[in-house]
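The lines below spell out each chain.
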Amino acid sequence: MTKHGAAAWILAGPALLVIAVFFALPVVAGLALSLTDFDIYALADLSTLRFVGLQNYLHLLQTPLFWQALGNTLYFVAVGVPVSIGLSLAAALLLESRFARWQPFFRTSLFAPVVTTAVAVAVIWRYLLHTRYGLVNQGLAAIGLTPVDWLGDPHWSMPAIIAFAAWKNFGYNMIILLAALQAVPRELYEAARMDGAGAFRRFTDVTIPILVPTLVLVGILTVSGYFQLFAEPYVMTQGGPLRSTFSMLYLMYEEGFRWWNLGNASAVAFLLFVVIFCASWVMLRFDRDAPGRR
Amino acid sequence: MPRRGPAPGCPGRRDAMRRIGWGSLALAGSLAGCGRGKADPQGPLEFWAMGREAEVVTELLGAFHARHPEVRVRVQQLPWTAAHEKLLTAYAGDALPDLCQLGNTWLPEFSALGALEPLDERMTSTGIPRDDYFAGILDTNFMPTEGGASRLLGVPWYVDTRLIFYRTDLLRAAGHAAAPETWFDWRAAMQDIRRVGGAGRYAVLLPLNEPDPLFALSLQQGSVLKDDDTRGAFAQPPFRRALDFYAQLFRDDLAPRMASTQVSNVWDEFARGLFAFYVTGPWNIGEFRRRLPADRQQDWAAAPLPGPDGPGVSTAGGSSLVIFTSSRRKESAWKLIRFLSEPETMQRFHALTGDLPPRRSAWRAPALADDPPSQAFARQLERVRAAPKIPEWERIFQEMQLAAERVVQGRQGTEAACRELDAWVDALLEKRRWLRGRRA
Numbered sequence: 001m002t003k004h005g006a007a008a009w010i011l012a013g014p015a016l017l018v019i020a021v022f023f024a025l026p027v028v029a030g031l032a033l034s035l036t037d038f039d040i041y042a043l044a045d046l047s048t049l050r051f052v053g054l055q056n057y058l059h060l061l062q063t064p065l066f067w068q069a070l071g072n073t074l075y076f077v078a079v080g081v082p083v084s085i086g087l088s089l090a091a092a093l094l095l096e097s098r099f100a101r102w103q104p105f106f107r108t109s110l111f112a113p114v115v116t117t118a119v120a121v122a123v124i125w126r127y128l129l130h131t132r133y134g135l136v137n138q139g140l141a142a143i144g145l146t147p148v149d150w151l152g153d154p155h156w157s158m159p160a161i162i163a164f165a166a167w168k169n170f171g172y173n174m175i176i177l178l179a180a181l182q183a184v185p186r187e188l189y190e191a192a193r194m195d196g197a198g199a200f201r202r203f204t205d206v207t208i209p210i211l212v213p214t215l216v217l218v219g220i221l222t223v224s225g226y227f228q229l230f231a232e233p234y235v236m237t238q239g240g241p242l243r244s245t246f247s248m249l250y251l252m253y254e255e256g257f258r259w260w261n262l263g264n265a266s267a268v269a270f271l272l273f274v275v276i277f278c279a280s281w282v283m284l285r286f287d288r289d290a291p292g293r294r
Numbered sequence: 001m002p003r004r005g006p007a008p009g010c011p012g013r014r015d016a017m018r019r020i021g022w023g024s025l026a027l028a029g030s031l032a033g034c035g036r037g038k039a040d041p042q043g044p045l046e047f048w049a050m051g052r053e054a055e056v057v058t059e060l061l062g063a064f065h066a067r068h069p070e071v072r073v074r075v076q077q078l079p080w081t082a083a084h085e086k087l088l089t090a091y092a093g094d095a096l097p098d099l100c101q102l103g104n105t106w107l108p109e110f111s112a113l114g115a116l117e118p119l120d121e122r123m124t125s126t127g128i129p130r131d132d133y134f135a136g137i138l139d140t141n142f143m144p145t146e147g148g149a150s151r152l153l154g155v156p157w158y159v160d161t162r163l164i165f166y167r168t169d170l171l172r173a174a175g176h177a178a179a180p181e182t183w184f185d186w187r188a189a190m191q192d193i194r195r196v197g198g199a200g201r202y203a204v205l206l207p208l209n210e211p212d213p214l215f216a217l218s219l220q221q222g223s224v225l226k227d228d229d230t231r232g233a234f235a236q237p238p239f240r241r242a243l244d245f246y247a248q249l250f251r252d253d254l255a256p257r258m259a260s261t262q263v264s265n266v267w268d269e270f271a272r273g274l275f276a277f278y279v280t281g282p283w284n285i286g287e288f289r290r291r292l293p294a295d296r297q298q299d300w301a302a303a304p305l306p307g308p309d310g311p312g313v314s315t316a317g318g319s320s321l322v323i324f325t326s327s328r329r330k331e332s333a334w335k336l337i338r339f340l341s342e343p344e345t346m347q348r349f350h351a352l353t354g355d356l357p358p359r360r361s362a363w364r365a366p367a368l369a370d371d372p373p374s375q376a377f378a379r380q381l382e383r384v385r386a387a388p389k390i391p392e393w394e395r396i397f398q399e400m401q402l403a404a405e406r407v408v409q410g411r412q413g414t415e416a417a418c419r420e421l422d423a424w425v426d427a428l429l430e431k432r433r434w435l436r437g438r439r440a
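Residue numbers (our numbering), protein chains in the order written: chain A, 1 to 294; chain B, 1 to 440.
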């Protein structure tokens, strides 16, 4: 037993060491930092560093900007995740359909946005969403709708960011869902058809239950990814207009690297961690209680 | 360059970061920090510059090398958007260069860090005449010390301020022969332009995401901070007057409620006459010449910013050259600063970039002396005033604009917005009050 134990420790040792140095230590240091008022003055002279307990957290919870950032992030997650996964599922079903031709071509081109650089495509999206000359508004005008100031109107900026993010990310989940779809046993469909189930019933009663574990996995990955919204508003709107696309991570970035309030920035990071942890936990519970699960 | 091992305790740093995150940072330090030959006084001079200036400065270095063959210079270009973060992390990681181009609003921050070498004596001993510099610009480089005296921590390299660019034809058509000099005349001109122009025309573009125009107006009225720069004074009459004037322009539809990102192409819109006045900076002299159509080139001019009762002050911006205290090659660095500060070098620099020189003697070049828009800047530069010299200023500056944006968009009353802003500023400056109390 001890022999086995020693061997296990030796084998796992290097990995544990790396985890300790590059994960555990920074997390603990970050937690410690979040209890101090580390700022530019402390960077210059450590004797001005003050231990402030939970004050950073309390202060954040009283800051309207924090709630605005949290609200924006929740809005982005609540709308963006279903839209994104819905798109992924729809695309996966289309690709898996019997009528799909040129499947490898479409699979590749639908996956392409995932591997493009966010900054480069954001520039193109800014052209598309342009108020006067953008293709999107020209399309709206063609069907008789009034143009929308996508990135300038505080009401439309977040939907525009969501559309961009969903377009950019749906390909990744599509590939995972496609793999799950291909693993659904054909016999189940045949049996369902013999029992008289139409295409819609086959989808709701065969496909969906089998997909649930995969959907939950995809959901958790997407939710935790979408909570960390940053690049899209950073390149498209700089958090504006009127901070309508200002996210939690954006707040953390501004506090930490723009204003060098590392104490506050760490506190934002831990609050975001708590939020993501809770969301993931709820979704895991949902998975456990799901009908498809024994 | 001889590559040295991590010298015991990299020279001269009592670095907070190292103690807090000692694990990972000590590792990173031994991998990259100390061994870069920084400690070698004979190594090449590391010079960080930003954006276009960095590209152009290498073209000036030929003449410098001819005069000082013993000094080698290595220029590194930083993009403006990342420069601030990069400099702060370089400070934390003890990887600062010898000298650097620094936006003069960043000086207080690096001064608070104690990272900047005082240059008073070098300036005097090398005979660079201080009164040749525009006073307001030079003032931004003086930082107060704890003893109450102030020290020169940077040498102005080029200058930036805000004034009005305007359409001469639209102003004439509205019945005004000359550019306005007072707020009253300016407002009257804008109202006439709007009346003559009809629907779809505004009078002035004040992009809602740019704090500079409002701040320039408030500089004309007085200070926005009080109690030794430890509390906000935004609810006080000086700022209120500026904000009232500013916000009224939007309420009267003289200014569109637009951010600069919403105006796809300001030059096109200016040529088309969407607005007749545009409060902006010196880079637009070149941009207007390049981007306005040929048949519009006769129709624009620049003029100093109008003030409450006569030509007013404006912002004192621009970049300075600084030497970091950590440098081992300060003499060479000063030689380069001295070279870049010569009027002839400044004139060449202006020819290459369009950046305006901070020394009056450099303005004798025909390219500046005979150029009407540049002359408007020359007049404005005699009336510029430094922003509060505290590290938190940049943040307050941005927050001020957010408050103004809420007022302009009608989401908050002026009174409430100013009080809220003051409360926010007071909370932000708590540490300054604590530090002041500790010193006392």
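Hint data in this document are derived by calculation from the structure and do not stem from the laboratory.
Among the hints, a few may not be true.
Stated by the list, open to error - These stretches of chain B come out as covered by chain A in the derived footprint (C-beta under 8 Å, 3 or more residues):
#	segment
1	100-113
2	398-409
What the hints assert, rightly or not - A partial selection of chain B residues facing chain A, derived with a Cβ cut-off under 7 Å:
#	residue
3	Arg52
4	Glu53
5	Leu88
6	Ala259
7	Ser260
8	Pro391
To be verified - Residues from chain A that keep clear of chain B, each with C-beta distances beyond 10 Å, as calculated:
#	residue
9	Phe66
10	Pro82
11	Thr204
12	Val206
None of the values given here were measured: they were computed from a predicted structure.
For glycine and all other residues, C-beta sits at the position ideal for the given N, C-alpha and C.
Okay, the hints, checked on the actual structure:
Restraint check on the segment 100-113 of chain B versus chain A: 3 residues with Cβ-Cβ distances below 8 Å, three needed, restraint holds. Under a criterion of three residues with beta carbons nearer than 8 Å to beta carbons of chain A, the stated coverage of the segment 398-409 of chain B is upheld, 4 such residues being counted. Because the smallest distance between the Cβ of B/Arg52 and any Cβ of chain A comes to about 20 Å, over 7 Å, the interface hint for this residue is violated. Restraint check, B/Glu53 versus chain A: the minimum CB separation of about 22 Å is more than 7 Å; hint violated.
The interface hint given for B/Leu88 holds, since its Cβ lies 6 Å from the closest Cβ of chain A, which is under the 7 Å cut-off. Residue-level restraint check for B/Ala259 holds (minimum Cβ-Cβ distance to chain A is 6 Å; threshold 7 Å). At its closest, the beta carbon of B/Ser260 sits 10 Å from a beta carbon of chain A; the interface hint therefore is violated under the 7 Å criterion. With 7 Å as the threshold, the beta carbon of B/Pro391 comes within range of chain A, its nearest partner Cβ sitting at about 5 Å, so the hint holds.
At roughly 13 Å from the closest C-beta of chain B, the C-beta of A/Phe66 stays outside 10 Å, upholding its exclusion from the interface. For A/Pro82, the shortest C-beta to C-beta distance to chain B comes to about 29 Å, beyond the 10 Å cut-off, and the non-interface label holds. The Cβ of A/Thr204 lies farther than 10 Å from every Cβ of chain B, with a closest approach of about 45 Å, so its non-interface assignment holds. The claim that A/Val206 lies off the interface holds: its Cβ sits roughly 49 Å from the closest Cβ of chain B, which is beyond the 10 Å cut-off.
Of the numbered hints listed earlier, those contradicted by the structure are 3, 4, 7.
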